[in-house]
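Undergrad: This is what each chain is made of:
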Amino acid sequence: MGTITTKTGEEQVVVFQLSGQTYGIEIGAVVEIIRMETVTALPGTPDFVEGIINLRGRVIPVMDLRARFGLMISYHTVDSRIIIVETGTTTVGLIVDSVAEVLRFATADVMPPPAMLDGTDSDYLRGIILNGERMVILLDYTGILRAAEIEDLRLVHSQAAEVS
Amino acid sequence: MLFSDAEVSMFLEELDEKIQVINENLLSLERKGDHTTAIQEIFRAAHTIKGSSAVMGYDKMTKLTHELENLFDRIRSGSLEISTQLVDTLFEALDTLKELQGEITGEGLTADISAVTAKLTGFLAGDALFTGPPQGSQSANSAVSVQRIQTDEITEDIIREAELRGFNAASIRVQLAPDCQMKEIRAYLVFETLQQAGEIIKSVPTAEEIQEGRFEREFSLIFLTRDDLDQVENLVLSIAEISSVEVSPLHIQDTVAPNAPAANQANSETVSAPVNGSVNNEGLEKQSIKTVRVDVQKLDILMNLVGELVIDRTRLDRFAEIYEDRHGSGDLADSIMDISSHLSQVSRDLQVEIMKARMLPVANVFNRLPRLVRDVAQKLNKEINFVVEGKETELDRNVIEVIGDPLIHLIRNAVDHGIETPEERAAAGKPRIGTIHLKASYVESQIMITITDDGQGIDKEHVRHLLVDRGLCNHEQAARLSEREIMEYIFAPGFSTAGSVSDISGRGVGMDIVRTQIEQINGSVELKTTPGQGTTFSIKLPLTLAIIKALMVELCDRVIAFPLIYVVETIIIRPVEIKHVRHCAVVVVRGKVLQLLRLREIFNDLPAGDEEKLSVVVLGSGDRRIGIIVDKLIGEQEIVIKSLGVYLGQVPGLSGATILGDGRVGLIVDARHLIKETGIEEVAYAAAY
Numbered sequence: 001m002g003t004i005t006t007k008t009g010e011e012q013v014v015v016f017q018l019s020g021q022t023y024g025i026e027i028g029a030v031v032e033i034i035r036m037e038t039v040t041a042l043p044g045t046p047d048f049v050e051g052i053i054n055l056r057g058r059v060i061p062v063m064d065l066r067a068r069f070g071l072m073i074s075y076h077t078v079d080s081r082i083i084i085v086e087t088g089t090t091t092v093g094l095i096v097d098s099v100a101e102v103l104r105f106a107t108a109d110v111m112p113p114p115a116m117l118d119g120t121d122s123d124y125l126r127g128i129i130l131n132g133e134r135m136v137i138l139l140d141y142t143g144i145l146r147a148a149e150i151e152d153l154r155l156v157h158s159q160a161a162e163v164s
Numbered sequence: 001m002l003f004s005d006a007e008v009s010m011f012l013e014e015l016d017e018k019i020q021v022i023n024e025n026l027l028s029l030e031r032k033g034d035h036t037t038a039i040q041e042i043f044r045a046a047h048t049i050k051g052s053s054a055v056m057g058y059d060k061m062t063k064l065t066h067e068l069e070n071l072f073d074r075i076r077s078g079s080l081e082i083s084t085q086l087v088d089t090l091f092e093a094l095d096t097l098k099e100l101q102g103e104i105t106g107e108g109l110t111a112d113i114s115a116v117t118a119k120l121t122g123f124l125a126g127d128a129l130f131t132g133p134p135q136g137s138q139s140a141n142s143a144v145s146v147q148r149i150q151t152d153e154i155t156e157d158i159i160r161e162a163e164l165r166g167f168n169a170a171s172i173r174v175q176l177a178p179d180c181q182m183k184e185i186r187a188y189l190v191f192e193t194l195q196q197a198g199e200i201i202k203s204v205p206t207a208e209e210i211q212e213g214r215f216e217r218e219f220s221l222i223f224l225t226r227d228d229l230d231q232v233e234n235l236v237l238s239i240a241e242i243s244s245v246e247v248s249p250l251h252i253q254d255t256v257a258p259n260a261p262a263a264n265q266a267n268s269e270t271v272s273a274p275v276n277g278s279v280n281n282e283g284l285e286k287q288s289i290k291t292v293r294v295d296v297q298k299l300d301i302l303m304n305l306v307g308e309l310v311i312d313r314t315r316l317d318r319f320a321e322i323y324e325d326r327h328g329s330g331d332l333a334d335s336i337m338d339i340s341s342h343l344s345q346v347s348r349d350l351q352v353e354i355m356k357a358r359m360l361p362v363a364n365v366f367n368r369l370p371r372l373v374r375d376v377a378q379k380l381n382k383e384i385n386f387v388v389e390g391k392e393t394e395l396d397r398n399v400i401e402v403i404g405d406p407l408i409h410l411i412r413n414a415v416d417h418g419i420e421t422p423e424e425r426a427a428a429g430k431p432r433i434g435t436i437h438l439k440a441s442y443v444e445s446q447i448m449i450t451i452t453d454d455g456q457g458i459d460k461e462h463v464r465h466l467l468v469d470r471g472l473c474n475h476e477q478a479a480r481l482s483e484r485e486i487m488e489y490i491f492a493p494g495f496s497t498a499g500s501v502s503d504i505s506g507r508g509v510g511m512d513i514v515r516t517q518i519e520q521i522n523g524s525v526e527l528k529t530t531p532g533q534g535t536t537f538s539i540k541l542p543l544t545l546a547i548i549k550a551l552m553v554e555l556c557d558r559v560i561a562f563p564l565i566y567v568v569e570t571i572i573i574r575p576v577e578i579k580h581v582r583h584c585a586v587v588v589v590r591g592k593v594l595q596l597l598r599l600r601e602i603f604n605d606l607p608a609g610d611e612e613k614l615s616v617v618v619l620g621s622g623d624r625r626i627g628i629i630v631d632k633l634i635g636e637q638e639i640v641i642k643s644l645g646v647y648l649g650q651v652p653g654l655s656g657a658t659i660l661g662d663g664r665v666g667l668i669v670d671a672r673h674l675i676k677e678t679g680i681e682e683v684a685y686a687a688a689y
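Protein chains in written order, with the numbering used here: chain A, 1 to 164; chain B, 1 to 689.
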């Protein structure tokens, strides 16, 4: 589900930049890509939850993928985009540095993720695509959108608050 | 499974509706005895269920409703009288039908229909003995037997309508040859032949009975056709083994017509929802269907789209301003403003209409209650007159879903604890029959539901004793409680005034749940009681959960909304007025202490600089009050509540979000939670001081 297969064994990903690295997310999960817009911050949510936006009358939570992956936080630029991702009942916006293209690749070309990858939690990775000279990190979006995870994080958050 | 979920759920929805129709009309039958409209309604509902359950393959349901239909066909032809025994059996059949429904939804166990169908057929059989003969024995006198086919109200309506459309109505009596071997086959052929030339709208005996061969050699039909009646006669005669056919034109006197609708209106008890898709197999009735079912989600989407329109209008406004700045005012700028204001008018109307489409009459819940009262009263040997008023009052679908349980509980309580036994009532000089009055009405922009009984009321001294007995407070405390406080305790967890735990109520859970459920949808419940004269519960509910009135405030550059029902007042204070009691900031307002919280602290924002004046929103629920310091008050506004979505779940301090006129997102404060968690009772605080 969620994967658009063009030919047998071929997939497409939306390729985006995050902190100088190239990532890909399966195109089937992507509803649309919008420019950065005003995000209303929410109290009592994990740091990576940037807030909520109004997407044509729908309220949609937005997370900063840099913060999500523990990468260095930077200001949003004119190139910043929000990738709206949908799985089942959950719709979430992901803030990325820029969106480059749509890439086709053979499923067979996906290599398993290495154990350590620049701070990115390997739970959210499907693998690595080698595309000529380039290396694209393929995200497992279901891992990112898992709603239960936010509960865990909230718990950690509140415990941390109690300690301090 | 052969049918999709959507189809099954549509069937279930229709089933629900029809069961409700049967229920209502049975109750009215029981009350008023012979009642043509009610009988007709039940017959039609049973018929519809029979048809659709047969399509869906729910055989047991088809069988049961078939029996019901047969029985009601007898009742409406006047050959079976309505007795208490019959009504009880019919209620039993209805319960079995509900069990079958449960079987389909998976909520119930396998239901057994054999016992109740046996009872139903018992009535049919007993009846057959005394109505059987006329059909056959009078065959000699054809004139009389043609008249045996009675035209009831519905048939008359159809005929009248058909006549308007150029159909001729005819009464046809068909007699089969005495040596006819397979009479049902011959009859079937007659039906088939006639169907090609027009429409059979009624037959005596019923089509089912004829198909099963349960008839003598003759049967009568009412037939609508555009063809010449002689031609029809020839057509039927062309079928083999038909001994005689009599076709006589049928005319309905128009005098009945004006009365019928009036009678329907006056009798609000039995008239059910406007033809909610009760598709009769008579195609002629099709034009009366004026409702469609729409998924609430679709309405939500429409609502969102209207919101989009509003945002675009705001943008258009801004564009007009910019245009005016650059190019000076002129025709073009004016017409842009015109378009914008027209757009806003249209989008507002659209929003209102969509909101209305989400509304359902409260009858959806109320209609379940008469049966409840009947059953409970019968069990307790009480005599109760249950009066329902304001069924047509409309409420948001979500609200209707929630108030069912609390209402059932309150009504049960009224029957169980409120109304006394007839003997007790007589002894107290009251009429033997108690009255419970259920009423819904609009009060300002809310709906008010009151449940009034003329029973024994609640004795406050008795409650005082119980409070001590149950360990909820000690003697001194109990003695000091005011009347209002005592009544408050009735809603406390673990409290029940029932002398003994009965099957019906009095398990000590209930009233607290009633209150919680009502408060969850931003409603409130109060009670008034006079010992010996009765008790009244008043429930106030919002018309809708989707739109609320809110007080909008500003915080940094965010807009925050407080649901207006929790806002007591807004006040302006100076920072020097703030005092600190232990670690709480408080302020004295009109001699009372008010605890203060800064909204900035709740939202983890930086504290504001020194201001000379602070705006405070005072929130309250019951006796609890809390003051919230905000940056700036904006004003009141109606807002559409949006959930924050599955991903974020419950965000502490917030109950949702809303989209503002300019497209920004505003946050809605969970005021109820805030008051509950941090609010302090005024009285307690004043005492501590």
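If you are wondering where the hints come from, they were derived from the structure by calculation, not from laboratory data. All of these numbers come straight from a predicted model, not from anything done at the bench. Note that the Cβ used here is the ideal one computed from N, Cα and C, for glycine as well. Among the hints, a few may not be true.
Ranges of calculated distance between the beta carbons of each label pair, as one might list FRET restraints [to be verified]: (1) Arg56/A with Ile339/B: 17 to 23 Å; (2) Asp16/B with Asp140/A: 39 to 45 Å; (3) Thr110/B with Gly70/A: 43 to 49 Å; (4) Glu353/B with Val31/A: 24 to 30 Å; (5) Val31/A with Gln196/B: 50 to 56 Å.
Undergrad: Look at the Cβ atoms of Asp16/B and Asp140/A and judge whether their distance stays inside 39 to 45 Å.
TA: 43 Å, holds
Undergrad: Falls inside 17 to 23 Å, the C-beta gap from Arg56/A to Ile339/B?
TA: Between Arg56/A and Ile339/B, where Cβ atoms are some 21 Å apart, the hint holds.
Undergrad: Just tell me: holds or violated, for the beta carbon distance of Glu353/B and Val31/A against 24 to 30 Å?
TA: At 29 Å between Cβs, range holds.
Undergrad: Does the Cβ pair Val31/A, Gln196/B satisfy 50 to 56 Å?
TA: Since Val31/A and Gln196/B have Cβ atoms about 55 Å apart, the given range 50 to 56 Å holds.
Undergrad: Range first: 43 to 49 Å. Now tell me if the beta carbons of Thr110/B and Gly70/A are that far apart.
TA: Violated, since Thr110/B and Gly70/A (Cβ atoms, about 56 Å apart) do not stay within the stated range.
The structure fails to meet hint 3 from the earlier list, while all remaining hints are met.
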